[in-house]
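Each protein sequence line maps, in turn, to chains A and B. Going left to right, the first sequence walks through residues 41 to 115 as my numbering numbers them. Going left to right, the second sequence walks through residues 2 to 288 as my numbering numbers them.
Misleading hints may appear alongside valid ones.
The calculated SDA-like cross-link candidates involving lysine to any residue, where the alpha carbons are at most 20 Å apart (straight line), are [stated by the list, open to error]:
no.: 1; chain 1: A; residue 1: K100; chain 2: B; residue 2: K36
no.: 2; chain 1: B; residue 1: K214; chain 2: B; residue 2: A122
no.: 3; chain 1: B; residue 1: K66; chain 2: B; residue 2: D81
no.: 4; chain 1: B; residue 1: K162; chain 2: B; residue 2: P233
no.: 5; chain 1: B; residue 1: K119; chain 2: A; residue 2: T50
no.: 6; chain 1: A; residue 1: K64; chain 2: B; residue 2: D39
no.: 7; chain 1: B; residue 1: K129; chain 2: A; residue 2: M41
no.: 8; chain 1: B; residue 1: K108; chain 2: B; residue 2: Q9
no.: 9; chain 1: B; residue 1: K129; chain 2: A; residue 2: E44
no.: 10; chain 1: A; residue 1: K64; chain 2: B; residue 2: G124
no.: 11; chain 1: B; residue 1: K119; chain 2: A; residue 2: V76
no.: 12; chain 1: B; residue 1: K129; chain 2: A; residue 2: G87
no.: 13; chain 1: B; residue 1: K220; chain 2: B; residue 2: A6
no.: 14; chain 1: A; residue 1: K100; chain 2: B; residue 2: L185
no.: 15; chain 1: B; residue 1: K119; chain 2: A; residue 2: A43
For the record, the hints were derived by calculation from the structure and aren't laboratory data.
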Amino acid sequence: MNAEEHSTRTLEVEGWQVRITSYKFGDEYHCTADNVSPGANICRTTGATRQEAEDAALAKAKAALARTRRFPAGA
Amino acid sequence: MADYANPQVLVSTDWVAQNLSNPSVRNVEVDVDTKAYDESHVPGSIGWAWNTQLCDTVRRDIIPKANFETLMASSGIGNDTIVVLYGDNNNWFAAWAVWQMKIYGHKDVRLMNGGRKKWLAEGRELSKEVPAVTSAGYKAQNPDLSIRAYLPQVQAALAQKNSDMVDVRSPQEFTGEILSPPGLPETCQRGGHIPGAQGIPWGQACSEDGTFKSFDDLKTLYGAKGITGERPIIAYCRIGERSSHTWFVLTYLLGYKNVTNYDGSWTEWGNLVGAPVERGAAAAAGG
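For reference, chain A alone in the conformation it holds in the complex (with noise of 0.2 Å):
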């Protein structure tokens, strides 16, 4: 089998880029969530169609982007 309808999209979620990436293997959607820079995995999910994984993702990424603390001086 291969991978089909592989699919890339960049969104913001609690003020970070984010970038969910998802494909459909065999008889699942599978979405990975990463954080664009550096480009770190945030998450994976899988689903029986691709809105499912990718409403999973998007769910966990937001929960834990959530959590990020920012200090704002940076100096």
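Take the given structure of chain A and dock chain B to it, following the hints.
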């Protein structure tokens, strides 16, 4: 356009697809997300978990020599096997594995250019099957620590100002705005960077499809920050895997000598009592 200094260390996804049945080649997936291999992988490839199989699980260190030999043998890798590593996040931990395999002197280890991302995007064949592996004999060399920087070396380099330091984390980590990549647990007490380090995020070495940028583009990227290979270079990130990626670029693609990976990285430096830390300078980190 100039070719990479050592083009033989990279293979394309096409090359991997054409060599899936080549008995001299062992494909190995190493991901940040250690469950990604179970989801799907290049047919016939095996998977290594960076956090249990490519480290000392008791003290913080790289994999001990005896464990490395056992891992190679149980993976069906002999001393003459061509090992092709690939993984998620544009080969972060695949590069970490390359670095360790070079420490133990494996002769022919290569990266699949573009990693798992490119393989999936190209709609290539996948499998969930874990291949049966026949154990091989393996004898590792004594560790070559000339490609690894320990804390005292970094401290000495800072004091003597005789090396170039490259911080490959994101601009926000470099400036101290955040203590870890967004969404990941904080692993340091202080944010910022080693004084004098140049911020050149690892991802700037890659194109959108995950493959490495051209030799000329890489030379320009690092050269613009004064990283020319004329002085020793120390690369660091948070735990040493992103800086393995940059170590690979500087060593093999640009051909710079005397490049070390400080795998203690910010989880060591940012937790040290009394260590000098520089904050801010967002512009210096680039985008």
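key: K129(B) paired with G87(A) [C-alpha distance capped at 20 Å]   = At roughly 17 Å apart (the allowed maximum being 20 Å), G87(A) and K129(B) satisfy the hint.
ask   = Is the Cα-Cα distance between K100(A) and K36(B) 20 Å or less?
value = Holds, at roughly 16 Å.
query = Would the pair K66(B) and D81(B) pass a check requiring their Cα atoms to be no farther apart than 20 Å?
reply = Within the cut-off at roughly 18 Å; holds.
message = Between the alpha carbons of K64(A) and D39(B), is the straight-line distance 20 Å or under?
response = holds (15 Å)
message = So if I understand the rule, the pair passes when the alpha-carbon distance is 20 Å or less; does K220(B) with A6(B) pass?
response = holds (11 Å)
ask   = Does the alpha-carbon distance linking K162(B) and P233(B) stay inside the 20 Å limit?
value = holds (10 Å)
ask   = Has the given pair, K119(B) with A43(A), been kept, meaning a C-alpha gap of at most 20 Å?
value = holds (11 Å)
ask   = CA of K119(B) to CA of T50(A), is that 20 Å or under?
value = holds (17 Å)
query = Keeping to a limit of 20 Å between CA atoms, is the pair of K100(A) and L185(B) held or broken?
reply = holds (12 Å)
request  = Take a quick look at whether K129(B) and E44(A) sit within 20 Å of each other, Cα to Cα.
outcome  = holds (15 Å)
ask   = Does M41(A) lie within 20 Å of K129(B) when you go C-alpha to C-alpha?
value = Holds. K129(B) to M41(A) sits at ~10 Å (cutoff 20 Å).
Distance restraint between K119(B) and V76(A), which requires alpha-carbon spacing of 20 Å or less = holds (16 Å)
Figure legend: structure checked against the earlier numbered hints; every hint is met.
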